[in-house]
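Asks: Based on the sequences and whatever the hints tell you, model everything.
In the order they appear, the protein sequences are chains U and A.
Counted the way the working numbering counts, the first sequence spans residues 1488 to 1986.
Counted the way the working numbering counts, the second sequence spans residues 6 to 258.
Just so you know, these hints were derived from the structure itself, not from any lab.
In this text the structure is predicted, and so the values were computed from the model without any measurement.
Among the hints, erroneous ones may be present.
Stated by the list, open to error - Far from chain U, some chain A residues (derived; all Cβ distances over 12 Å): (1) Glu106; (2) Lys108; (3) Val124.
As the list claims (entries may be wrong) - Output of the computed footprint for chain A on chain U, the stretches with three or more beta carbons under 8 Å from beta carbons of chain A: (4) 1667-1679; (5) 1751-1758; (6) 1770-1779.
Just so you know, even glycine gets a beta-carbon here, dropped at the ideal spot from N, CA and C.
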Amino acid sequence: MNYIAIGNNSTIAISDIPEIVYDDFFKLNTELVANHPERHCVNYFGYNYGERIKLICCIADDNSHEIFVSSCLVSPTDTLKAFTSKLLCFEKFEREIHENFGIGFSGHPWLKPVRYSFNRNDKTKTIANYPFFKIESEELHEVGVGPIHAGVIEPGHFRFICNGEQILHLEIQLGYQHRGIEQLFIEKKRLLERTTLAESIAGDTVIGHTTAFSNIWESLCEFERTRDIDFSRTLALELERIAIHTGDLSAVCTDIAYQLGSSVFGRLRTPIINFMQEWGGNRLSKGFVRPGRNQFPFTPELGKRLALVLDAFERDFDEMNTELFKLPSALSRFERTGVVPSADILSIGAVGMAARMSKLNRDIRQSHPFGLYPELQHQPIIKHHGDVYSRVQIRKEEVKQSIGYVRKLIKNIPEPNTKPFKLKTPNPNSFTLSLVEGWRGEICHCAITDSKGELILYKIKDPSFHNWLALALAVRNNEISDFPICNKSFNLSYCGHDL
Amino acid sequence: MLDNIKILYHQGKQFIPNVTTAEVPGIFRGRPIISLEKVNEAELQELCPVNAISINPVSIDLGKCTFCGECAMRFPNKIRFTKDYKISTNERTSLIVKEGEDKLVEVNPEMVRKEIHKVFGRSLKLRQVSAAGDNSCEWELNAANNVQFDMGRFGIEFVASPRHADGIVITGPISENMAEPLQICYDAVPEPKIIVLVGTDAISGGITGNSPAVDRSFLNKYPIDLYIPGNPAHPLTIINGFLDLTRKRKSKK
Ligand code: SF4
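Replies: This is how it looks when you write it as structure tokens:
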């Protein structure tokens, strides 16, 4: 076998990952993915290995619930045949490897910088000189937006090529938010520092990313999670999903100038995040998830409070949705706007709700379940049109589904585990991978330790890494005035992408 | 239309009538109080993920603190976080809370630049720049403008262009890649202009402050008019910070 099959959150010896020559590595991974919509690449990265670079590729299989991991040693001066020459979904991974190490990829359409990381290989490339796709035309014009946007949001540069009001092409340049997080994971040695880093990967997905980190860490330390820990994380992850989906419904209403929907959804988010504060002291759940412990046990009193919060929430949420979805002016803005056909969604390797809005069933809660998801028997919500309407519908229905899960969970609140614990040091020479389905989609963290159990690599992938390209495709042939609503219906992360 | 009115009616009054006295529900980690109890200070100092704790005397720098609560959990008799969310100030040193003190954190009217009141009166139009912010403070700034907190009723608003702004509000530790866009934006704001830092990341760099990917040199060049701490800053901290800045008057000597 030239790969090893592992499960979500399992730790293996790094030496257990078969190391194969590049031709085989290419063949293996492209063949695993080609014509297998149930498989996709969850992470593909390199790290320094003496004078050479070790590449590790991780392909998840949603049917068998396994992740196939293989590796290959290459040299920074190599030019390798790009996976992307066969499958577009590897495009960003290879760009990142090129940016970090200088490895060439032949047959790759655009080896452009991904995030202008501080430790990039070629410092002559600077963020102010991004090589945007250009057109020579008398009729077409370019519109540049950013990096600082009009609202209170993160920076990124959008370059449109338009024919009058119609968008022909959008290129999204990111990297402004780069903070060097992956490197800090290695340099900061204390666990609380690393957990704090995990909380700041994306401040709108705190539970998602800290759960991935904690699950990895506990696996590396062979810590057996008690039920109350998984309970808290699962519950909080679903509350995070409810809060953000609701907030995004508000943002979409703002963009179609539907003031009532904007205000009602906007204020409905508040009781949910305020509940997180009641439970853990922070509206955005910072300081909440900690490896090896459950520092805010969920009490029956909190359960009663949450049930009341959800009852009041759901009443108003339903009422507002009924109104929104019969409003002709709203529907006409949602339907057939920002369509990404399922063939494109598959080819770019989209994940999470960006995949599910266009027929592609990708949901880690079902395919590689963690926490208490095995017993919730999650059935993903799938939509078919790939337009703003489908994305808005997914938000609405996932909120309803999550409310159902939360109600089910709080019927059976586990006893808090009060036994003192001590986390061991992480296993030496190990590899661990953790997948979590955050509200945007699949989060993947990978860790590698050295002979002393110290981290030598921490690799983070936010779902936005895959999904920004979906937004770029969605706006093609749309009016430029529809850009905001397309953007908000995805609501992708800048900092989670730029790290 | 009728249904719309029905929904409106159901909403009732959503805004918080008095944002200066409203209580936050449940647990909240606001201004800490540090007792004089003797503890293992080295251990206390060492546990903090962002070196916000100093000793001799024991103090917490709210500009560095992530409000994770770890110190209070491990040393509950030494450190206690109160629900006081009014922790904004224009004096960097006022963010340092010392043991044995129970002092409010507030704007020092003597340090408010005189052009602030003269030119801006009580309203402020601000341009927000997220400079590698993690989208949590950005979220809370937006929340401060929603129907509940409704900061706009006090004349404090975010505007789309720096040309219409009285100043900038920075979130995030300021990445190297954002250093230039931030400078360009600041330069485009007409004089006189203010700078407000929102959140631990902006005030001290937070957990990513010493990263080589971060460039905080911008902050050495200009005076800072308001620090709004938090991780992220709570909307009530944000609103009260701005109100304190715009309402306080220098004593007439
Ligand atoms: S609450 Fe603040 S001072 Fe205390 S440990 Fe956390 S960051 Fe440090």
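Asks: Hints the structure violates: just list their numbers, smallest first.
Replies: none
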